[in-house]
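Which chain is which? The protein sequence lines are A and B, in order.
0 is the number of the first residue of the first sequence in numbering that gives the first Met the number 0; add one for each residue after it.
0 is the number of the first residue of the second sequence in numbering that gives the first Met the number 0; add one for each residue after it.
These aren't lab readings, by the way, just hints derived from the structure by calculation.
Note that the coordinates shown come from a computational prediction; the quantities given were computed from them, not determined experimentally.
Treat the hints with care, as some may be off.
Computed cross-link-like contacts, DMTMM-like style, restricted to lysine to aspartate or glutamate with a CA-CA straight-line distance of at most 20 Å [claimed, not checked]:
{"#": "1", "chain 1": "B", "residue 1": "Lys78", "chain 2": "B", "residue 2": "Glu61"}
{"#": "2", "chain 1": "B", "residue 1": "Lys78", "chain 2": "B", "residue 2": "Glu65"}
{"#": "3", "chain 1": "B", "residue 1": "Lys51", "chain 2": "A", "residue 2": "Asp98"}
{"#": "4", "chain 1": "B", "residue 1": "Lys51", "chain 2": "A", "residue 2": "Asp89"}
{"#": "5", "chain 1": "B", "residue 1": "Lys78", "chain 2": "A", "residue 2": "Asp89"}
{"#": "6", "chain 1": "A", "residue 1": "Lys85", "chain 2": "B", "residue 2": "Asp79"}
{"#": "7", "chain 1": "A", "residue 1": "Lys85", "chain 2": "B", "residue 2": "Glu68"}
{"#": "8", "chain 1": "B", "residue 1": "Lys17", "chain 2": "A", "residue 2": "Glu58"}
{"#": "9", "chain 1": "B", "residue 1": "Lys139", "chain 2": "B", "residue 2": "Glu162"}
{"#": "10", "chain 1": "B", "residue 1": "Lys51", "chain 2": "B", "residue 2": "Glu65"}
{"#": "11", "chain 1": "A", "residue 1": "Lys60", "chain 2": "B", "residue 2": "Asp18"}
Which chain A residues face chain B? A few, computed with CB under 10 Å, are given here [to be verified]:
{"#": "12", "residue": "Glu58"}
{"#": "13", "residue": "Lys60"}
{"#": "14", "residue": "Gly65"}
In this text, a Cβ means the ideal position worked out from N, Cα and C, and glycines have one as well.
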Amino acid sequence: MLTAVIHLQGAGWHASSSGTASTSPATGSDAPATSEATTGTEEHVPAGDLTKPGPIVPEMKELAWGAGSFIVLAVLMRWFLFPRLKRSMDARYQGIQADHAAAESARQAARTEVADYEAQVAAIRAEANQVVDAARNEVEAERQAKVAALQASLGEQRSAAAAEAEAARQAAQSQIAAAVGDVAGRAGELATGRRPADDVVSRVVSEVMAR
Amino acid sequence: MLAESFKFPLINSILRWKDLFSTFNKVAMIAVAASLIGIVVFLLAGSKDGSKAPKGVRNLAESTVEFIENGIVMQTMGKDGLGWTPFLLSLFVFIYLCNAPGIIPILQMPATARMAIPLFLALLVWVVYNGVGFKHQGVKYLTHTIWPPGVPTMLKPLVGLIEFVSNIIVRPFSLTVRLFANMLAGHILLVTFALLTQSLITAETKQFMLKPMAILPFFMLVFLTAFEVLVAFLQAYIFTILTAVYIGGAAHPEH
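Chain B extracted, bound-state conformation (with noise of 0.2 Å):
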């Protein structure tokens, strides 16, 4: 019996990329053609007339801005909350666009696989959400949020520690962690299964069956491309919602 070994690479060489430039590199690239992507879209779809009824680059930016006043502001903040929807949109749209390229052929990279964007848009997120929290509550927004009402005085320090850590600690944590975790996640299931069936084709074989067998990380690799596209709109989605409540929260306590 003999053995073939085949490489995957270096799991920084599938994250990690020469630059194009010294302070710019791919990730880079993805990030500002998402905002450009973004802007252009939403510029178009603005200089479409309005008064009839919406199709192409118009009904596609009517659609998020519905999707986001009805499918998360509405659901989350309520009416109060519609102010926001301009930051939600940016928001949905930017992770969406970041996230996209990673199904994408040649750039096959989401940019959210990375740990910058993730963090900074999760801090972005915790530096508004507690903002808006000292806006409408003061300085008692920080009791609120440590010791929710009703908490017996006797463990209020032990519910205080737990709230403290959960809500100023964990959540910008967990926003980043969450969609960082998931994309890179997807990324490397989609280099794996790519991999083995390129392993699996070009493989110098006298085994008859090895090459046919390439179909089947093959199939894996089509499915998940396909459920990237899921994946991709729904860590947006989350990320984007999670931010609503957050920002709801802080506002509206009682809610």
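Chain A extracted, bound-state conformation (with noise of 0.2 Å):
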């Protein structure tokens, strides 16, 4: 089973495995830091600067250089790099509400329209309803003394038909009971050796045919 076991030696670490082969053995706290020891490219300086100072130490050049770094970068942003990019940033924050203003301005005047459009449109087709509807009774209106005086005309037809109706039975009805009062009489002759008299035979006929 492989195993691993760390040692803080010094001022740094010392692992050991077991159950691996090996080609070279453990070596003292002592030794210095060799190259497979590093992460690559790094160049190290020599183990004997590696014991001072100790890591958190701060050294005075990597203050001095951090310090004027950090002073240089602040001090141009606070001056210069900030204020610039602001002021555009500024700028356009700036145009974009005012084109926004306008967008809304021009949106609200764009439904003032439509609605002084849909106000029209309702007044016109008000106005078109009117004009259909006025037509519509003009045309009834028309349509009903049309159909009246057709409906005159007929009655008048229609009463001059049975006048002329009435006087044709009339006459038919008189040409009938003539027709049969000669028959009546002749029968009553032809009967009796006697012709009856013809008002007789005219109130026998009306009465007969009354029935």
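Combine the two chains into a complex, taking the hints into account.
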């Protein structure tokens, strides 16, 4: 089984594993850092310099360069870089706000125009409806008048036809009565040898035909 | 059973580097590069046409500015604190750019994993927020800091001692150590898993399972590298927001 043991020795660590073949036996803690302990391209200071200063002690040159670099960045940022960027950001923001306001007012104007248009359409539609209704009423009245006139005409024609038919009926009835009277008078004459009086025959025929 | 050892480097060997010049080492180089990158990014961003929708480097700069303004200043100091945006922006950008090299190949060292830069920044913040306190409240700043309103007279000596230590001594110390220790720990973890991976891969052994096992520390290395991306941002954010809180508290003690 593979096991590993890590020891803290001096300012460095030392690890050993068991269960593997060995080509380099464990070395003491005083062994210098070697290239296999590096991370590739790093170039290290000689081992003698690695023990001091301690890893948490700040180095003056790092402090000075770090401070100088930051101060340069901060000063340029405060007086030049940030104001320039911020100015153009604000200008764009203002431009966008103005465009937004303009778009909003244009939208409002368009909405007003649409409302006006819709009102006009509604008015025209109402007017059209009125015209249509008036026309419909006029046509209806005209129709009513024509129907009435037609019905009156038909009534007159019907009355005339009825009177004519009545006259024809009366005439036919008279003719029939006369014919029936002739026939009845002749029949009576043949039966009795004496012709009955015309008024009697006429009265009898009238009574029979009236039944 | 045979034993093989593989050595971890001395702690200083993964933190201290051969000086590039007698007064200039890798940490100094990262600090200077962080400052230069910050300046160049904002210089380029400012030179772009601001009337159009931002993109590229300008988008990055504007996003950072809005993050500082909306995510830090407005949350901790309100509108009155917007004047502190350039300082907090510089702080955030500088710390982040000092943290980020911890995961950048070849550099592989966060400048903030050394004590100097976190210490300087924390002391600067200490000076700034105390200065702001004295400017806004005068001498009363000291009494307000030591004795918050409503403390019973009998408890004032005890509370005064605690608050003095907490506000005047511990704050810069905690700011320094929080940043330094987090970045140092991340750096050591990355080195540890890189070395474990390398050691397992290069081990001359008859144990056939040993070399494939290198995948485990390698996965941890990849995971921790991704985690360090988050830590680099998070530590810069925490340092900046705490600075804003301290300055806001010093300027407006009622908050």
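Structure-based check of all given hints:
The straight-line distance between the Cα atoms of B:Lys78 and B:Glu61 is roughly 18 Å, inside the 20 Å bound, and the hint therefore holds. Between B:Lys78 and B:Glu65, the direct Cα distance comes to roughly 13 Å. Compliance with the 20 Å bound is thereby established for this hinted pair. Simply put, B:Lys51 and A:Asp98 have alpha-carbon atoms about 13 Å apart, close enough for the 20 Å limit, and the pair holds. Distance restraint check for B:Lys51 and A:Asp89: the Cα-Cα separation of roughly 12 Å lies within the 20 Å cut-off, and the hinted pair is therefore satisfied.
The hinted pair formed by B:Lys78 and A:Asp89 meets the criterion: a straight-line CA distance of about 15 Å does not exceed 20 Å. Of the supplied pair hints, the one linking A:Lys85 and B:Asp79 holds, its CA atoms being roughly 17 Å apart against a limit of 20 Å. Restraint check: the Cα-Cα separation between A:Lys85 and B:Glu68 comes to about 11 Å, which is no more than 20 Å; the hinted pair holds. For the proposed pair B:Lys17 and A:Glu58, the alpha carbon gap of about 13 Å is at most 20 Å, so the pair holds.
Restraint check: the Cα-Cα separation between B:Lys139 and B:Glu162 comes to about 15 Å, which is no more than 20 Å; the hinted pair holds. The straight-line distance between the Cα atoms of B:Lys51 and B:Glu65 is roughly 17 Å, inside the 20 Å bound, and the hint therefore holds. Distance restraint check for A:Lys60 and B:Asp18: the Cα-Cα separation of roughly 10 Å lies within the 20 Å cut-off, and the hinted pair is therefore satisfied. With a cut of 10 Å, the hint placing A:Glu58 at the interface with chain B holds, because the nearest CB-to-CB distance is about 6 Å.
Given hint, A:Lys60 at the interface with chain B, holds; its Cβ is 5 Å from that chain's nearest Cβ, closer than 10 Å. This hint holds: A:Gly65 has a C-beta 4 Å from the nearest C-beta of chain B, less than the 10 Å allowed.
Checked against the numbered hints given earlier, this structure breaks none of them.
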